[in-house]
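Peer 1: Read off the chains here:
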Amino acid sequence: MAHLHLDPKKISHCRELANKISSPVEGLINTHTTVAIERASLRLIGVEGAVQQEKQVVPEVNIIIQDLLHEGVLGRGALKWFVNGMIRTKMTPSELSSQVARRKIKLSALSQAPASEIAQKAHELCKGAVERLIQSREKRDAYRADLKDPFDPTGRNGPLLYVIVATGNIFEDVIQAKAAAQAGADAIAVIRSTAQSLLDYVPHGATTEGFGGTYATQENFRIMRKALDEEGQRLGRYIRLTNYCSGLCMPEIAALGAMERLDFLLNDAMYGILFRDINMKRTLIDQHFSRRIIALSRIVIHTGEDNYLTTADAIENGHQVLASQFINERFALNARMTEDLMGLGHAQEMDPAHPNVFLLEIARAQMTRDIFPSSPIKFMPPTRHKCGDIFYSHLMDAMFNFVGVLTGQTIQLLGMPTEAMHTPLLQDRWMSIKNAKYIFNGARDLGKEITYQPNGVIEKWAEKVLDDTVAHLEMINKKGLFRAIEERAFAEVSRREEGGKGHDGVIRRDQQYLNPFFDLL
Amino acid sequence: MTQKTAQVDLKKLKPYGDIMGDGTLQVCFTIPVEPSPEAREAAIQFCEKMGLDHIKVATMEKAADGFSLFVIYGNLKHTVDFTKIHVVKVDAEKRSREEIDELIKTKIGRKLVVIGACTGYDAHTVGIDAIMNMKGFAGDYGLERYQWIDARNLGAQVLNDELLKRALAEQADAVLVSKVVTQHNIHMRDMKDLMNRARQMGLLEKMVFVAGGPRVTHPLALECGFDAGFGVGTKPSDVASYIVEEFLRRQSQGVSKEQREEAPQRAKSKVRPTRTKSRIAKSGKRQAKSKR
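Sequence order for the protein chains is A and B.
Oh and the first sequence: position 386 is 386 in our numbering, straight run, nothing missing.
Oh and the second sequence: position 136 is 136 in our numbering, straight run, nothing missing.
Just to be clear, a hint being listed does not mean it is correct.
Stated by the list, open to error - In silico DSSO-like pairs for lysine-lysine, Cα to Cα no more than 30 Å straight-line:
#1 A:Lys-501 with B:Lys-135
#2 B:Lys-62 with A:Lys-434
#3 A:Lys-460 with B:Lys-135
#4 A:Lys-464 with B:Lys-62
Honestly, the hints are just simulated from the structure, not real lab data.
Using the sequences provided together with the hints, build the complete structure.
Peer 2: Next comes the structure, spelled out in structure tokens:
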């Protein structure tokens, strides 16, 4: 494989800076919890039900956590109250949650069992939950082994073909996903309904209506997982399932994704802050717990740096992407994830009219590959400069596929000719997959045959981006992450430390805080 | 040798392939049955019903189990009278940033306040950013760059009510709304809702309402109650040109309205601005429907 000659000292300096930038945040993470972490903890031990309230179906975990928050006792941890309730009522988690959510039992009003008894019982329950996650993981390993899944995080086996479905109806999604798998797709993402990330609850049950996508629910996860397992068996290939672990329910989606055996989750340490205006503290605390679950379940995350390039100019802002990748890598390591699980994201979004644009795109793609050699790099297609000319768009996707295979990207989200028009039709996906298969096959070993000209345009561009990244990370380190974000360090977006959605769901941990998942995950 | 190619017949316009009047059309679609001679015949019959002659099936592909995809060529039988076509368009002279700044400076004498957002649950800011952010789009600087425009981009997922309250509080002269997600026509529902609220708050006369997005057209925006709509490929200076011109138009009408109040007998002969607008809105609606 051709490689760039980048200065390893500069790269390790970037990693040191990322470590310094993340360390003040670790203090925050260790002293706080959020409503979403507490809800995820209850979900992991088996609270799954929902209650009809007027026209809305409200998950039991939301009612339970909201009540504890209003009573001002959530700082001790939901498990403390819930497990005490189980001891006192001798009920199973689902029996008790059903009673509490219907306000027939008030957890904080029950007499307290001895702390050691609660701690021991909580530990047992959480251990059981972790064992279920491990079983789920082992089931995936068995499927993969059985089907001789060729996935290799380093990209050695060529880019994986990744497409999205987004009909709004999970049953229609199944038809589209199976069709995509038959055409050659290796991974399917079910795009979420627009703005689900801003809901402070996970919708319940199978859903047939959504806007720009389909709601992420536990039942929808199950339906699609089963469909892809069946299709994979039939086709003799392991088909991966992706969903979106971002927004106000990041830890809960991680829990549900882990339980329902998803393979990929979109999960970024800063995406929610920048692009969804979710409070900084909430996002950073939530991302940590979600990644602890992800680490144990060995799910591959996809980070969201590609979004920086749709908002800000792709030629000018390569360093922001790289700086963010280093920070995402550090936060993932802090959550006990290994490099082979970090699908660091970037995109081919430069202006197609720019002279020698492919040289710059190759430089960016190759340097991402070379700087994170063990990570499954996620490469996102052109969107920003696409319009309704589907023929030109198809050509842009072809060049994107060419850059992807040449530079050894791992997970290639295939572009759609009808980008900027509608969520993909069956035929759009078919065309797109045919395009990728042709190019990935035809240029499979091209990267092994070439070398980059020392001091050529490609090498120089990569060096410039790396230099800019060092400077950018030094600036962030000097200001601190929060202030740097306020001063538009990423994607030209400014966010304040106390601003954004979900800030009221951040709670300081009490000295008696109980959550054995932090030891077990 | 005399040159013998037919001239275009605008009264009987047809699509063009390589011979004037050939009516060549390419179509691509998927039908939910397996590829088979019967599927091919079904595809041909669809094309016949669309008004195609000399139908050639270029390819029939298996797109998935139970789905066949077709690429088909044919010659369209229908014609269109191009001379009778009437399209409702945004009425504004295209000006450069410098010209627009100069116009505001000399004719208005204060900065125009423009508030923009991607409304409802729509999270796609690419459109509003292209129009408003400093950088702009395709070499055309965004509204933030204009010296005489005070541009405030509120970003994504701003609720209609919130946007209007901000617009009122900040005494906006124009409100820009970007809509990208169109599934189940949610963009139209959101746009109509915004304009209903604006009407109730009495903002229609005070502000210029502009909608934009890849699937937004001027007639569609009018149908939803906006003053103008801009679609794919719109540049910031297109929007700014319109806002300034519309502002000046209203300003001059405002003057004539005051004059009317002084001399009501003369006012009768004048077309009232609100009526003009509702007439355009109606014809816009027809246009939008016939396009679908």
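Peer 1: Confirm or reject each hint.
Peer 2: Against the structure, the hints come out as follows:
1. A:Lys-501 with B:Lys-135: 28 Å, holds
2. B:Lys-62 with A:Lys-434: 12 Å, holds
3. A:Lys-460 with B:Lys-135: Holds, at roughly 25 Å.
4. A:Lys-464 with B:Lys-62: Since the Cα atoms of Lys-464 of chain A and Lys-62 of chain B sit roughly 47 Å apart, the hinted pair is violated (cutoff 30 Å).
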